[in-house]
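Undergrad: Below are the chains, spelled out letter by letter.
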Amino acid sequence: MREAVAAHVRDGDTVVIEGFTHLICFAAGHEIIRQRRRDLTLCRLTPDLIYDQMIAAGCARKLVFSWAGNPGAGSLHAFRRAAEGMGPTLELEEYSHFGMVARLSAGAARLPFWTMRNYMGTDLPRVNPMIRSVSCPYTGEVLSTVPALNPDVTIVHAQRADAQGNAQIWGLLGVQKEAAFASDRVIVVVEEIVDESAIRADPNRTVIPGLIVDAVVVEPWGAHPSYAQGYYDRDNEFYIGWEKISRDPAALARYLDEFVYGLGNRAEYVEKCGDLERLRASERICAGVNYGF
Amino acid sequence: MREAVAAHVRDGDTVVIEGFTHLICFAAGHEIIRQRRRDLTLCRLTPDLIYDQMIAAGCARKLVFSWAGNPGAGSLHAFRRAAEGMGPTLELEEYSHFGMVARLSAGAARLPFWTMRNYMGTDLPRVNPMIRSVSCPYTGEVLSTVPALNPDVTIVHAQRADAQGNAQIWGLLGVQKEAAFASDRVIVVVEEIVDESAIRADPNRTVIPGLIVDAVVVEPWGAHPSYAQGYYDRDNEFYIGWEKISRDPAALARYLDEFVYGLGNRAEYVEKCGDLERLRASERICAGVNYGF
Amino acid sequence: MESSYTPSEMMTAVAARELRDGEVVFVGIGLPNLACNLARATHAPNLVLIYESGAVGAVPERLPVSIGDPALVTGSLMVSSMADVFQCLLQNGRIEVGFLGGAQIDRYGNINTTVVGDYTRPTVRLPGSGGAAEIAIHARRTLVISRLDRRAFPETVDFITSPGHRINGRTRRELGMPGAGPTKVVTDKAILEVNPLTGELVLTALYPGVEVAQVAAGIGWALRSWDRLSEVAPPSERELRLLRDVLDPKRLYLKQ
Amino acid sequence: MESSYTPSEMMTAVAARELRDGEVVFVGIGLPNLACNLARATHAPNLVLIYESGAVGAVPERLPVSIGDPALVTGSLMVSSMADVFQCLLQNGRIEVGFLGGAQIDRYGNINTTVVGDYTRPTVRLPGSGGAAEIAIHARRTLVISRLDRRAFPETVDFITSPGHRINGRTRRELGMPGAGPTKVVTDKAILEVNPLTGELVLTALYPGVEVAQVAAGIGWALRSWDRLSEVAPPSERELRLLRDVLDPKRLYLKQ
Chain A
3 MREAVAAHVR DGDTVVIEGF THLICFAAGH EIIRQRRRDL TLCRLTPDLI
53 YDQMIAAGCA RKLVFSWAGN PGAGSLHAFR RAAEGMGPTL ELEEYSHFGM
103 VARLSAGAAR LPFWTMRNYM GTDLPRVNPM IRSVSCPYTG EVLSTVPALN
153 PDVTIVHAQR ADAQGNAQIW GLLGVQKEAA FASDRVIVVV EEIVDESAIR
203 ADPNRTVIPG LIVDAVVVEP WGAHPSYAQG YYDRDNEFYI GWEKISRDPA
253 ALARYLDEFV YGLGNRAEYV EKCGDLERLR ASERICAGVN YGF
Chain B
3 MREAVAAHVR DGDTVVIEGF THLICFAAGH EIIRQRRRDL TLCRLTPDLI
53 YDQMIAAGCA RKLVFSWAGN PGAGSLHAFR RAAEGMGPTL ELEEYSHFGM
103 VARLSAGAAR LPFWTMRNYM GTDLPRVNPM IRSVSCPYTG EVLSTVPALN
153 PDVTIVHAQR ADAQGNAQIW GLLGVQKEAA FASDRVIVVV EEIVDESAIR
203 ADPNRTVIPG LIVDAVVVEP WGAHPSYAQG YYDRDNEFYI GWEKISRDPA
253 ALARYLDEFV YGLGNRAEYV EKCGDLERLR ASERICAGVN YGF
Chain C
-5 MESSYTPSEM MTAVAARELR DGEVVFVGIG LPNLACNLAR ATHAPNLVLI
45 YESGAVGAVP ERLPVSIGDP ALVTGSLMVS SMADVFQCLL QNGRIEVGFL
95 GGAQIDRYGN INTTVVGDYT RPTVRLPGSG GAAEIAIHAR RTLVISRLDR
145 RAFPETVDFI TSPGHRINGR TRRELGMPGA GPTKVVTDKA ILEVNPLTGE
195 LVLTALYPGV EVAQVAAGIG WALRSWDRLS EVAPPSEREL RLLRDVLDPK
245 RLYLKQ
Chain D
-5 MESSYTPSEM MTAVAARELR DGEVVFVGIG LPNLACNLAR ATHAPNLVLI
45 YESGAVGAVP ERLPVSIGDP ALVTGSLMVS SMADVFQCLL QNGRIEVGFL
95 GGAQIDRYGN INTTVVGDYT RPTVRLPGSG GAAEIAIHAR RTLVISRLDR
145 RAFPETVDFI TSPGHRINGR TRRELGMPGA GPTKVVTDKA ILEVNPLTGE
195 LVLTALYPGV EVAQVAAGIG WALRSWDRLS EVAPPSEREL RLLRDVLDPK
245 RLYLKQ
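Chains as they are written, first to last, in my numbering: chain A, 3 to 295; chain B, 3 to 295; chain C, -5 to 250; chain D, -5 to 250.
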């Protein structure tokens, strides 16, 4: 991970670490904090705890997002302090979920914009001039548009991939595929590396092809405290506990010292977290299908 | 199948029977011919033998397509006779594959058009006025557009589905998902009906949700002479043999009499075809994945 | 005390009754999720639960702690990419009921989940839209669940995240919105419904033992009400048993 | 007779040599498929084969009889929907080499697979574009495989299905095409390449024992050629052994 971040994440980059609740790559976020990247434009539908930590650590110049809360547990206070003018300045560019999905879809297709029937009656276009409109060449209907989002680097956490980065994901898929195809560089982080033959045995499960991947990193528990379907559950206590930590800048600083700066890598994090085994997933293995002909 | 076609396919309808080489529902096409539907607008990327037969049978008023050949074996002569003015008149509306995929993508999203960077330098827009252009509200770039395609009815063949039509497909996916979501009515035809629990055991395999499906039909070998991954191989001899049959209108009429009009249903077709077992797929079953948490 | 119940339990029961069997519902976490599962366990066994995270036909074995809980995936009918959720399901018009909540809901059902105060210099920065803007625009109808409070029901919201029935005097039809918007607001004391003629939220039904004045006290504008107000039945024993013993045994959401 | 070989074998070997290891190739059925698999078996083991049907990283265990052959899926790295193939792979610029053939190829590399004669009243109705139009526009470069024949190489095509290097005098750049287009035409007697200055296809290399006049005889315009023509090496023993014993043992495509 150290090498992958050093090689592919640069100061000033537009960075996407995607994963909707599922497979959020905290391992990569922590490494970016450790390497003290600066002036990043961080993009995610839900900034979540990972971007709250990166904002607190001073990595971010700008945030592009659609829902900035602590799902089911409260606020992202580092984000809120910045947004409410009580923290470091942070530029905000705000859409809805559909808008962010559309921006990445356009980026993946290498089109300059994406069309939606959306935003009429909302104040979002008033505060975000990048939400515009286009007239249908057939019906004349005016539809709303968002510009393509093409990150410098996208980091995707997957359950498994082969050495070339052919990555398979099951459970919630979020916008990882679109983000990866939209990006100039792609880092795939996985719970486990498998032999190419395991990928080839079930090609319909592959979400990201190795041909667009620049680096593959194995990082078990790399998505903790978020979850990896079939590997480990969400550490909900940590999410609830974050409310208290992030509310107090000093406590947040202590957390970063202890769990990020104070550690050399993810293995040390896993060890420091102690009993993560309590989150280990139960077995609900599905049947295979026949690819014969 | 008789009931599903009687209830959902009407004279004058815009009909899509999709499946790119894989899972082409000949069973539905034959039933539509048997029920003597007329004035249909038939849409498919590759009309293939099924639409060549429906054109010969007089079901079609118009064909919307992007590649009208007999893959690897020659021509679709019923189509050619019509197109070359030596058969019944058939209106043609022609795109490229990307254009047809884009039309169905727009239809599925219920947008009036879809945007592409395509067609510059080709003669297609000259002969098809529905290929137009739009200016990007951000870059000013002029991009090409195609109008949404929203069929009255789409027929999709899948390996399996539950009684509600939650359909799972593996192997080539073509544009079935887009076609189904774009359509007012959807008929799902499957090799086998499985219990809902089998679908729920592997939800990432589901391509079409039952909530958009109007009828579910079980029709083993329903895609013959095309194939169903994991069930049976393509009957390539039939595809090669079609060249000779379709070249001669009399021979084609005899084929329809013998294999369509002369039979009451798909079971009789399977019996008449004789030894289809030679096409039975070998076993290449993949491993399952863990959906536990 | 078997007849006593908390406001949350009442709101959940009332919201559940709004759902018809077989409907396709865009579900949120908390009370909406409980309402949907209560409806499934009672009068609407064929309700199809869809979460913006992509889980379709979810049958959560545990109370989901987030909209992307793994329990929503395990045993579901389909997992959709978010692009498909918003384009092929929501924009396609397949969602019959959406649930919305908000820090502010105004006279015309406009909802604010973005900022309290000025957008560029907010006193309170809220999470933002998430999928709320497009749900309010596309769902055939949306249900709002919110406790009465003058701050929560101002005359005008500070920011329109999710459009209601009048936006600067313009109707949803004039603005081209496919869905009917927030037709009903389920509060802790009463039910408000939109007056289709004026686009205004009006009082249409009271919970047992509630006076109109108590409701008006929690509303930031001159609340109008139907001449004849219906009284809403309290949660039945069965509803309460399901909520307490099966759906939220730990009282995560139903305590108050 | 071990040194003798068919034109198809020569064309396949020549096309295979055009592919570099690790390249991402949009493959067609027939000779292009054989050329890719020959390259994989010789100098380009890491070639990534993509079929418009959606199979990515295909390793067909048998000679595919169609672009959607099940053998292209079994053991492949990924199956993409066709929307992803055209938007995320082709339009995204990930395809480095595309293969095209055609009933007509003109002086400027424009290709016709749509109609012979007038579009509305064709003498021969051809299959149409399929993915050819977008491949010619987006693939970083495209290779054309076609036997020489005056009817197949007219001065001007009857219909431009896949654009070449000059369209009514306009260049690809002027028209905004991302890819380089058909840079090389592999025929049964020689290799034609585009002259980057004029956009015209010119003779650059001859096959063993072929005279310029024989090539010109199969071209419908005044064919220009480089001053110094290189001679193309015939298929090696190894190439022939692979083609005959492994890749097309039934001689489906290599007979003539």
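Simulated from the structure, these hints should not be mistaken for lab results.
Bear in mind that the values here come from a model prediction, so they are computed numbers and not experimental data.
There may be inaccurate statements among the hints.
To be verified - Label-pair ranges, simulated between beta-carbon atoms:
no., chain 1, residue 1, chain 2, residue 2, range
1, A, I195, D, E225, 43 to 49 Å
2, D, R14, B, A255, 26 to 32 Å
3, A, G89, D, P39, 49 to 55 Å
Where a beta carbon is used, it is the ideal one built from N, C-alpha and C, also for glycine.
Undergrad: Are the hints correct? Go through all of them and say.
TA: The hints, checked one at a time:
no. : hint                          : in the structure
1   : I195(A) - E225(D): 43 to 49 Å : holds, 48 Å
2   : R14(D) - A255(B): 26 to 32 Å  : violated, 52 Å
3   : G89(A) - P39(D): 49 to 55 Å   : holds, 54 Å
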